[in-house]
Amino acid sequence: MKILIVEDELSLQKSINEYLSGLGNTCSAAGSYAQALERLDLYHYDCILLDLGLGDGEGLQLLSYLKRTKRAEGVIIISARNSLDDKLIGLGLGADDYLTKPFHLSELNARILAIVRRKSAQGEHKIAFREISIDLDAKEVKVSGELVHMTKKEFDLLLYFLANKGKVISKSAAVEHIWGDDADMADSFDFIYTHIRNIRKKLMDAGSGDYFQTVYGVGYRFISE
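If you read the sequence shown in this note's numbering, its first letter stands for residue 24, the second for the next number, and so on.
Treat the hints as calculated values from the structure; they're not laboratory data. Some hints could be false.
Just the calculated beta-carbon pair ranges, DEER-fashion [to be verified]:
(1) Glu169 <-> Arg141: 49 to 57 angstroms
(2) Lys188 <-> Thr123: 34 to 42 angstroms
(3) Ser156 <-> Ala133: 19 to 27 angstroms
Note that the Cβ used here is the ideal one computed from N, Cα and C, for glycine as well.
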């Protein structure tokens, strides 16, 4: 998953980043309102962790921006404020959850998983398409019940395409999803072809149909029918 951590307490920001990155997520951090806006103007995320008290702005303002621009990211407010009013305002502005500091990082991770699952898989623990099934908890891919071994990036990329069946995904969007904000450092996005080719081969070797379509000059589409 691709996660943006908006937190101006640098020690907590670092702890969250290291913990979630250690679980295989792609994390970016912003220590201020301005930095958060800059990253949101450039990238999309699966989930945003948002502190309300930022040095140069108010986290609720960022929530208003996300709502106004109709962003689809899940949002968890992480705040030392345990005020019912703040919770109601935050949830009313579109936040998906509210976690009061201090908290256990394992609980934060569980809440992130629940939100992303709800948004991408309608709350289910598994996603199925024809003979392909993905277990979100075990991070396993199966074809007609047979386990298909994939790297983390291959798993994330397949899940991304399945969650966006029928949509054309550009190379840059695919790279950004699995590589995070460092995607800008790539000389080209051609290496995404290798990942797609490997996924297709592994699925088809296990007996799956070929559902990836190349949209020349643009990117790829995972068929929806």
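Taking the hints in turn, this is what the structure says about them:
| no. | hint | result |
| --- | --- | --- |
| 1 | Glu169 <-> Arg141: 49 to 57 angstroms | 28 angstroms, violated |
| 2 | Lys188 <-> Thr123: 34 to 42 angstroms | 37 angstroms, holds |
| 3 | Ser156 <-> Ala133: 19 to 27 angstroms | 23 angstroms, holds |
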